[in-house]
Amino acid sequence: MNIDLRVIGEAFHQFLINIGLTSGQASLIDWIFGALILLVIFIVLAILLIWFERKLAGRVQDRLGPNRVGPFGLIQPIADTLKLFTKEDITPAGADRITFNLAPTLAVFSIVMAFAVIPFADKVIGTDINVGVVYLMAFASVSSMSLLMAGWASNNKYALLGGFRVVAQLMSYEIPMAFAMLLPVLLAGTMRMNGLVEAQGQFFGLGWNIWIMPAAFIIYLTTALAEGERAPFDLLEAESEIVAGYNIEYSGLKFAWFYLAFFMNTWVLSAVATTLFLGGWQGPFVSQVPALGVVYFLGKTIIMFVIFAWIRATFPRLRIDQMMSFCWKVLVPMVLVLFLLTAIILKLGLPTIAVWLLILLSNVAVFVIALWLLGKGLEKSKWASKRLFTPEIPRL
Amino acid sequence: MLDQYGLIGVLAIIAFLFPFVGVGIAWMLRPKRPDPIKKSTYECGIETIGDAWVQFRAQYYLIALIFVIFDIEVIFLFPFAVAFEQVGLFAVFEAILFVVILAGGLIYAWKKNALEWQ
Amino acid sequence: MALQILFLIVAILTLGSAIGTVIARNLFHAALFLIGTFAGVAFFYVLLQAEFLAVSQVVVYIGAIATLIIFAIMLTRSVMGREAGALNQWAGIVAVASALIIAALIWLFTIVKFDVNPQPVPDDAIAQIGKGFVSTYVIPFEVVSILLLVALIGAIMLARERHQ
Amino acid sequence: MVAPLSWYLFLGAALFGIGFFGVLARRNAVAVLMGVELMLNAVNINILAFWRFVRPDDPTGQIFSIFVLAVAAAEAAVGLALIISIYRTRRTVNIDEIDLLKH
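Residue numbers (our numbering), protein chains in the order written: chain X, 1 to 396; chain R, 1 to 118; chain U, 1 to 164; chain D, 1 to 103.
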């Protein structure tokens with residue numbers, strides 16, 4: 001059962017050469033097929049996950065969720081898609097037409113591009129470039145630019161304000177996120193996504209970065225919530241404050257593109273969390289049966305996705321000043337200290353286990369101290385005093 | 001190395017066309033009956049006053065500014081992290097000095113209340 | 001051959017986008033053209049096999065600098081109706097001067113022959129960059145951190161709203 | 001080696017010239033800064049072209065272009081802060097009108 005999934009790709013390449021194409025043409029056809037496969041994976045995942053999250057949110061809130069169209073409401077996303085295709089699409093009068101139409105396209109584009117470096121299993125990856133982690137950061141930047149374009153092009157005060165807010169939020173949280181991604185890179189010594197997974201393969205799952213650096217994982221999780229524009233950080237769509245944010249003027253399919261990009265962004269963030277911290281496709285017997293890697297990877301990603309969906313379904317929203325202060329005054333100092341400690345510990349020249357234990361210890365220490373300082377700070381800060389009231393609970 | 005980017009290039013074209021194709025199909029299917037009321041700016045039912053160019057606060061700029069500086073710092077640290085196994089202890093102190101100097105910037109911003117969102 | 005045609009197409013797009021940046025009346029459009037130029041330049045970095053620089057270009061220029069510029073545009077928008085035209089009265093002379101500079105540089109690059117070294121890029125190019133930062137170029141590396149610190153402090157002092 | 005070295009140099013030269021035009025011909029100070037960014041990009045193309053074609057085994061070219069990136073960011077940050085600060089006191093970003101030192 002030792003199937004190397006890459007063999008299929010090589011056989012296909014060889015087949016193309018055998019029927020008389022040059023090597024260059026064969027590669028081009030390979031790439032086109034690879035890109036189309038990635039796009040199909042994107043669409044299928046989107047349809048399944050939208051159904052899944054709606055069902056999950058329904059259960060959390062004690063209702064059924066979609067259950068009319070098809071068995072368990074499984075066809076619901078397709079029905080929704082058909083509806084969106086036939087909806088009237090309005091471009092507001094004062095809008096900047098080209099930018100207005102380009103923005104949703106760019107939003108989807110940046111998320112689809114991220115799929116190119118996601119390692120589904122050993123060697124089952126679009127392309128394993130040397131700069132995988134920074135590549136993901138780069139397309140996150142493109143995505144935030146698309147939101148800014150949408151906000152500006154709508155010619156609407158709320159949209160512009162929403163666009164600015166969300167970009168300020170995405171920018172702030174990108175710094176702790178980048179540092180949290182830097183720590184596994186420091187340990188693995190490579191930015192290749194597959195290299196990062198391979199580096200976590202030691203000691204039957206004990207080598208996963210979540211055990212070695214739990215604080216970095218928690219920081220990544222928090223920033224991922226903010227980068228994914230999810231509750232409790234979903235200020236951009238705070239209906240009570242700015243109506244609906246940057247996408248207020250969008251309707252029909254263009255709105256759907258924004259929703260799709262927002263939704264799949266969460267999946268990409270879960271996949272990156274799996275790759276960087278949960279050992280990616282590593283799992284029992286994966287060296288004998290490489291195809292198992294896909295199962296492990298998708299399983300772990302779904303678990304991360306459920307965590308995100310769960311938090312979204314239960315938490316209330318933060319205020320923007322709380323959110324910004326939390327990022328710059330808590331998360332950024334934490335990751336800076338973590339980076340310094342990890343770098344020093346790694347250079348002490350100790351055996352692997354001792355290094356891991358020390359990093360774990362430093363992580364726990366930083367986390368506990370940060371929580372303690374946060375508690376101290378909250379006691380005397382004006383955050384608390386601004387809202388100092390006890391709500392009256394009606395007696396039943 | 002360039003072969004690795006072939007797929008990214010092709011994917012870029014496909015990923016860019018995909019939303020446009022969708023919008024094109026929708027354009028064929030959907031109704032097109034715009035009227036001035038539909039096309040007016042949505043602002044809670046109130047008539048819009050002026051255009052959308054409201055004056056922004058400098059706070060947004062300050063956040064962007066701090067972000068730019070730290071973004072550059074991260075870009076410097078990524079190659080260092082990749083080269084980490086090949087450098088000596090002294091090099092680690094150089095990198096730590098780099099981070100500490102920029103952490104000084106964060107402390108300055110903190111003291112000057114540039115991080116407060118008033 | 002196919003790649004050379006691609007080179008020319010992207011070069012024309014990049015330069016067209018750059019021209020758009022300098023002549024667009026609407027500043028936000030100028031900023032969008034600028035982003036297009038940055039993306040085109042990143043493509044050339046990939047062709048030059050400087051992959052780390054290509055992604056850094058997108059992260060820093062599109063993600064950070066372009067956003068900063070757009071924020072500044074929003075902060076300093078001029079009062080309606082006072083936009084007197086994008087270019088100043090010397091634009092014609094400057095255009096001629098720029099064309100002369102471009103022509104002179106192209107002439108220079110055609111007559112000077114550089115000895116091209118057709119070696120491949122080493123596989124550990126990124127690790128070499130990292131090593132360079134902490135060995136040969138350690139002084140510039142630290143100076144950059146001080147430069148960034150000074151820029152941060154200076155810019156905060158300048159841009160902060162003073163509260164009474 | 002997709003294209004010869006000269007193609008990259010021509011591209012850099014053209015981009016530099018366009019940036020130069022932007023710096024000298026625009027009225028708006030923010031647009032002037034965009035021209036400066038174009039020129040810095042042209043410089044980076046040249047540095048990397050020479051790195052790739054003349055000394056690919058030596059990381060100096062890449063390291064210098066990262067330094068250029070850092071300088072560009074610092075320049076943009078301080079330059080735009082200056083513009084914002086001038087806008088606050090003078091209500092204009094037109095460089096023809098910013099001539100306090102002349103009087």
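If you're looking for bench data, these hints aren't it; they were derived computationally from the structure.
There may be inaccurate statements among the hints.
DMTMM-like, lysine to aspartate or glutamate: derived pairs with alpha carbons at most 20 Å apart [claimed, not checked]:
1. X/LYS347 / R/GLU85
2. X/LYS123 / R/ASP3
3. R/LYS112 / X/ASP321
4. R/LYS39 / X/ASP89
5. X/LYS123 / X/GLU10
6. R/LYS39 / X/ASP30
7. R/LYS111 / U/GLU161
8. X/LYS380 / R/ASP3
9. R/LYS38 / X/GLU198
10. R/LYS32 / X/ASP89
11. X/LYS87 / R/ASP3
12. X/LYS376 / R/ASP35
13. X/LYS123 / U/GLU161
14. R/LYS112 / U/ASP124
15. X/LYS329 / R/GLU116
16. R/LYS38 / X/ASP89
17. R/LYS111 / X/ASP321
Cross-check of the supplied hints:
1. X/LYS347 / R/GLU85: This hinted pair holds, its Cα atoms lying about 8 Å apart.
2. X/LYS123 / R/ASP3: holds, 15 Å
3. R/LYS112 / X/ASP321: holds, 16 Å
4. R/LYS39 / X/ASP89: Measuring from Cα to Cα gives roughly 10 Å; hence the hint holds.
5. X/LYS123 / X/GLU10: holds, 12 Å
6. R/LYS39 / X/ASP30: violated, 45 Å
7. R/LYS111 / U/GLU161: Cα-Cα ~15 Å, so holds.
8. X/LYS380 / R/ASP3: violated, 58 Å
9. R/LYS38 / X/GLU198: violated, 55 Å
10. R/LYS32 / X/ASP89: holds, 8 Å
11. X/LYS87 / R/ASP3: violated, 42 Å
12. X/LYS376 / R/ASP35: Not satisfied, since the Cα-Cα distance of roughly 58 Å exceeds 20 Å.
13. X/LYS123 / U/GLU161: violated, 53 Å
14. R/LYS112 / U/ASP124: The hint is violated at about 42 Å.
15. X/LYS329 / R/GLU116: holds, 10 Å
16. R/LYS38 / X/ASP89: Status holds; Cα separation ~10 Å.
17. R/LYS111 / X/ASP321: holds, 16 Å
Violated hints, in rising order: 6, 8, 9, 11, 12, 13 and 14; the structure is consistent with all others.
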